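*Asks:* For this one, chain A is given, so just place chains B, C and D on it according to the hints.
There are 4 protein chains.
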Amino acid sequence: MSGDSLGKLFKISNWGESHGKAIGVVIEGCPPLFELSEKDIQFDLDRRLPGQSEVTTPRKELDKVEILSGVFNGRTTGAPISLIIFNKDFKKEDYKEISKIFRPSHSDFTYEKKYGIRDPFGGGRASARLTAGNVAAGAIAKKILKNKFGTDIIAYVKKIKDIEIDIDPDSVSKRGVESNIVRCPNNKIADQMINLIKKAQADGDSLGGVIECIAKNVPAGLGEPIFDKLDADLAKAMMAINATKGFEIGSGFEGVKLYGSQHNDPFYIKGKKILTKTNNSGGVQGGISNGMPIVFRVAFKPTSTIQKNQQSVDSKGKEIELEAKGRHDPCVLPRAVPIVEGMAALVLCDHYLRFRAQCGENGN
Amino acid sequence: MSGDSLGKLFKISNWGESHGKAIGVVIEGCPPLFELSEKDIQFDLDRRLPGQSEVTTPRKELDKVEILSGVFNGRTTGAPISLIIFNKDFKKEDYKEISKIFRPSHSDFTYEKKYGIRDPFGGGRASARLTAGNVAAGAIAKKILKNKFGTDIIAYVKKIKDIEIDIDPDSVSKRGVESNIVRCPNNKIADQMINLIKKAQADGDSLGGVIECIAKNVPAGLGEPIFDKLDADLAKAMMAINATKGFEIGSGFEGVKLYGSQHNDPFYIKGKKILTKTNNSGGVQGGISNGMPIVFRVAFKPTSTIQKNQQSVDSKGKEIELEAKGRHDPCVLPRAVPIVEGMAALVLCDHYLRFRAQCGENGN
Amino acid sequence: MSGDSLGKLFKISNWGESHGKAIGVVIEGCPPLFELSEKDIQFDLDRRLPGQSEVTTPRKELDKVEILSGVFNGRTTGAPISLIIFNKDFKKEDYKEISKIFRPSHSDFTYEKKYGIRDPFGGGRASARLTAGNVAAGAIAKKILKNKFGTDIIAYVKKIKDIEIDIDPDSVSKRGVESNIVRCPNNKIADQMINLIKKAQADGDSLGGVIECIAKNVPAGLGEPIFDKLDADLAKAMMAINATKGFEIGSGFEGVKLYGSQHNDPFYIKGKKILTKTNNSGGVQGGISNGMPIVFRVAFKPTSTIQKNQQSVDSKGKEIELEAKGRHDPCVLPRAVPIVEGMAALVLCDHYLRFRAQCGENGN
Amino acid sequence: MSGDSLGKLFKISNWGESHGKAIGVVIEGCPPLFELSEKDIQFDLDRRLPGQSEVTTPRKELDKVEILSGVFNGRTTGAPISLIIFNKDFKKEDYKEISKIFRPSHSDFTYEKKYGIRDPFGGGRASARLTAGNVAAGAIAKKILKNKFGTDIIAYVKKIKDIEIDIDPDSVSKRGVESNIVRCPNNKIADQMINLIKKAQADGDSLGGVIECIAKNVPAGLGEPIFDKLDADLAKAMMAINATKGFEIGSGFEGVKLYGSQHNDPFYIKGKKILTKTNNSGGVQGGISNGMPIVFRVAFKPTSTIQKNQQSVDSKGKEIELEAKGRHDPCVLPRAVPIVEGMAALVLCDHYLRFRAQCGENGN
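Protein chains in written order, with the working numbering: chain A, 40 to 403; chain B, 40 to 403; chain C, 40 to 403; chain D, 40 to 403.
Be a bit skeptical, because a hint or two may be false.
Copies of the same chain are indistinguishable here, so a pair counts whether it falls within one copy or spans any two.
Computed cross-link-like contacts, DSS-like style, restricted to lysine-lysine with a CA-CA straight-line distance of at most 25 Å [said to hold, decoys possible]:
{"id": "1", "residue 1": "Lys103", "residue 2": "Lys60"}
{"id": "2", "residue 1": "Lys127", "residue 2": "Lys60"}
{"id": "3", "residue 1": "Lys311", "residue 2": "Lys139"}
{"id": "4", "residue 1": "Lys187", "residue 2": "Lys255"}
Calculated from the structure, these hints are not laboratory results.
If you're wondering where the values come from, they're calculated on a predicted model, not measured in any experiment.
Here chain A stands alone, though its shape is the one from the complex:
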């Protein structure tokens, strides 16, 4: 059973390979009568674009999205929305010699073991290029949430290697995130990060880090225990992004050091709303959003593609020395920011429709 679909009611099916003719996504379940055009989608795609700055891969793609179906006279019809992005800058020869080599910590080996075949060009189906479709679909989900609830989803680079900002997620603005090429909402720390990335790039090496994400104005009631908890589905969506190694929400792994009496979030009343004084829960309690901001973090490993010689094996089971060539991102985090936002939006939008189906009469 193929795992190329995500979501139950707001559902996307992603298709394509890094160097195929095109990549795309089909969105099923989008509510009708909703204004939508390519412009709504292109902004986030551009944030994900390769070659956008000196800290990303030099591969050049324009990633121009086309809506092929599901929109009539500028409004959604309830029919599936088919989005397509034609590939431009693919140089099949670049990757030829490594087509029989299993690059360390890539998925060459596991795809070969699983399917007995793989498209080796640019990582084929396993390429992070495929996230473009998810970002495009996520942009639609974002717009729905924004229009319906005023929801804002803001991700940003919190940490590169060991350089980290300590910031109140609630204080981060979209403008702050976009104010530098590394997408860290503190220009001074961002400069340090940029220098670190440039140095790693010069060394033919790569870096990882942590992206933090906040979703504000999420209505209470989203999430479907006991398995499809909101945080469980967010965790899955984030761990489905290429190169991620961890997910935590609210207090996360650090929270285990607290006593329950310190960790519990006391309720209080503000106006007519029930809020919590702290937000160790990260906006989710018992798997359901509680109306507080949703705050989570995602760990990205250092990019597997490096420009150093590495020990490996080939598809015939022979040990070899791999001389890496081709283009690479020294650090994927700046481009991963819209991916994290988009995946979060997809999860939230799906749960909004699920809420509506089962609990729609409960006046939320």
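*Replies:* Only chains B, C and D this time, still in chain A's reference frame:
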């Protein structure tokens, strides 16, 4: 859309409330012709049992499982397996006074917001008691994986508050884990943990921690990119367990501090097998198992139920002082060990069937 | 992938075997805050009961349903509703000798081929006894539809062998259906049917027929093209009932004899509603309900169990003469009436929730 | 929840509108290592093509399919297969004046009621043009079944209005079906049908009929009771085709006139195989294929589009006289033959993968 089912081919549907007549689980998709009896299931249920030691809640349940369907003459028939556990020790009056109060960091508030109604007794549907059904189903999944591949899934308490063991997961044995009541495979550290728990209990407070889990002898090829990656589905399953706040696999959040050249796992040949020298990948690459041990960690927050007065609000929107009563677990981690194992087994077994469906001819 | 669940948002998982300890069904997705008790369910179960009249099998079951979860203080909570019916009158010895024989037109052979094992007692998993769970779940769906839209679903026996009533479905009342033991809303024709059944029973033979079903006050807009059309999902649900061989809606197979100009249903205005003058569409156009009554028919083959000697083979591949014993229904149609109604209600209720999820803002 | 996907393991997601830029389908779950090119698909698309003969609509489309993903070096990779067909001959102005009119027995009214919006050009999402994607996907499923089991799926026109052939399905060849433009495997009857269609066309009227389909060399064991029975899933797939009003398998609606002793299919041994002497079951018993040919029939209503004036209402609720214009098929059955075959193949292929997942070890 209710989120009470987990898995696509090996699928469980969990039902019941903490203090209802019974709880249970229906397992769909279990292969036929597989030997199965209640004995195969009871062992793990007993490890999850409340009241099993001085560091757990005093609630007494026997959690005796009955197989109601799907097994004929000691073998599975391919039909759904219905498991039931009748509830015994429920004292509905215990919880009466808090039925209108939203306990901090519990799900009282969010269930009320979502559904407009909730069963307040013992946490109702949100109780960790419901994990018993998952443990029971997980025991079946474990047995299938063990018989088919020799897979061993071993979880253990790695950290309580700030007391942590540093251990090679590969060296941990089931016997080691069960050698003390806290389920930490180092009796000296375990003693420190036990003392810490007892002290917290005496103070009416609670503790969190980290469980680590290793799955050995998992065949390469499990996991369905690009969304249903093995690590993504493990993350979801773990984050669906009550009180979890984080998931990481392999190098996890610490791995972001490494350079790519340090983090990549070099392939080498041992006999006829392709292995990796390090296992920063945690046994999963590109969302697919690579044959190395799968190693992941789960963060559990300190239990929300404490025996201290807390500030809160009631369902009428009035601020109140909550005097906590009732039974509580000062630290859920020892009992959560079989839950983590069971959920991991459910995910692996589901992906084994999914592999078989799509790639079954690929001689894996 | 097991096929024991039906529905996407209002979903049931059916479990059990004819002669096991119990049978049951878990309902996921039922909206919360809905009044529900065993009484709401028992009525339809009693209509399906074996041994209810002289034209049904003498097997005696009380089919007393218990709600084990999902209801608190008489109202649904949004949690799964687990229904259980304990089996009483199972005589395992009755069926022993045929456990190695493939009865003609039963599923003994196909279950054996598929699973390599089967519970032979009373037909095991393949028994029509399992429809009791579906009828129970269907009773809940019926109540939801009735309360929300005033929907009435009325099925009745239209034909036994070649005795058929010609009746306007719109004129049939529940009382009329229940006015005789064969559930044909015309007592004179019903008497002929009863005589025919008695005669077949005396001959050790069996009869088939056609059930017609009308659903009135179904809102327009239910059904999800292009695959999950309302009539497609009704067809599937009906063909999933034991012994069915055909489904048709509106004009059905007879309608192919008309010209388009005769078959088209002209629209007209009545008050503020848009209605059609004829209803060849059977209340569904383009896979979506149009607000007119939904009318469909289901063909049931003559029961496979007969009291005559038959030629067959055994599980060792030897040709044998089968001497049929055991209890049998000479004609399942009278008891199948509540099954057809219940399955139809499940489909409609599922589609109502699906409508609510995707098109809920469209003021229907 | 959108209903634009079909199948669970071999799953298609269909997108597009009649007069949009393109239509397409994404196939998930196709096994890897399977030879595939556009040529394998084009043949059936051409059989479905509008304008192919004097008895079909004059709309001209070439329906040239492109594979955009999932195939590498001529073999499937296990990744989703994206198929696209660009639309050519769409004249948006043709349909303009009827965009506010509800055509009788079309889905204009129900789409408007459900979604509050619709693409009116050429029927938009409700157009039978969308079946092209299903035929394309079905061609792949057919090839898989053919290669794996030698399965042949042959559909043909059995009846137009009241002209019917009486033929043993087992005797029908693909060549026979294609020997005339009406796809009835009897040229004499075919001529009568063609004359009838031409006359209806000249009168501006339309005709319905029945397609019969046989699938030979289907392995025993396909179908997943108790709901996803093979015949139930076939029924759903057929009723999801535009203009269908009924489905029956084996003896169907006529079979209800038989006694059980006449209807039961006696088993016998031929060589080492267990066969049945008659095939009233239509190759499916208890929802599972029994190895005998699968035989079913589908009723198609007369096309709703006619060239006669009709009474109707407009979207403002006013009664109007509709003057039909535009192109129309006087009888869809000849072009529906590959649709029926393709949909049947999709169902069978899905069930083959489902069998493999759950019962793969049972040596079938």
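*Asks:* Take the hints in turn and mark each one as holding or not.
*Replies:* Hints versus structure:
no., hint, result
1, Lys103 with Lys60, "both (14 Å within a copy, 16 Å between copies)"
2, Lys127 with Lys60, "both (8 Å within a copy, 20 Å between copies)"
3, Lys311 with Lys139, "between (64 Å within a copy, 17 Å between copies)"
4, Lys187 with Lys255, "within (13 Å within a copy, 34 Å between copies)"
The structure fails none of the hints (numbered hints given earlier).
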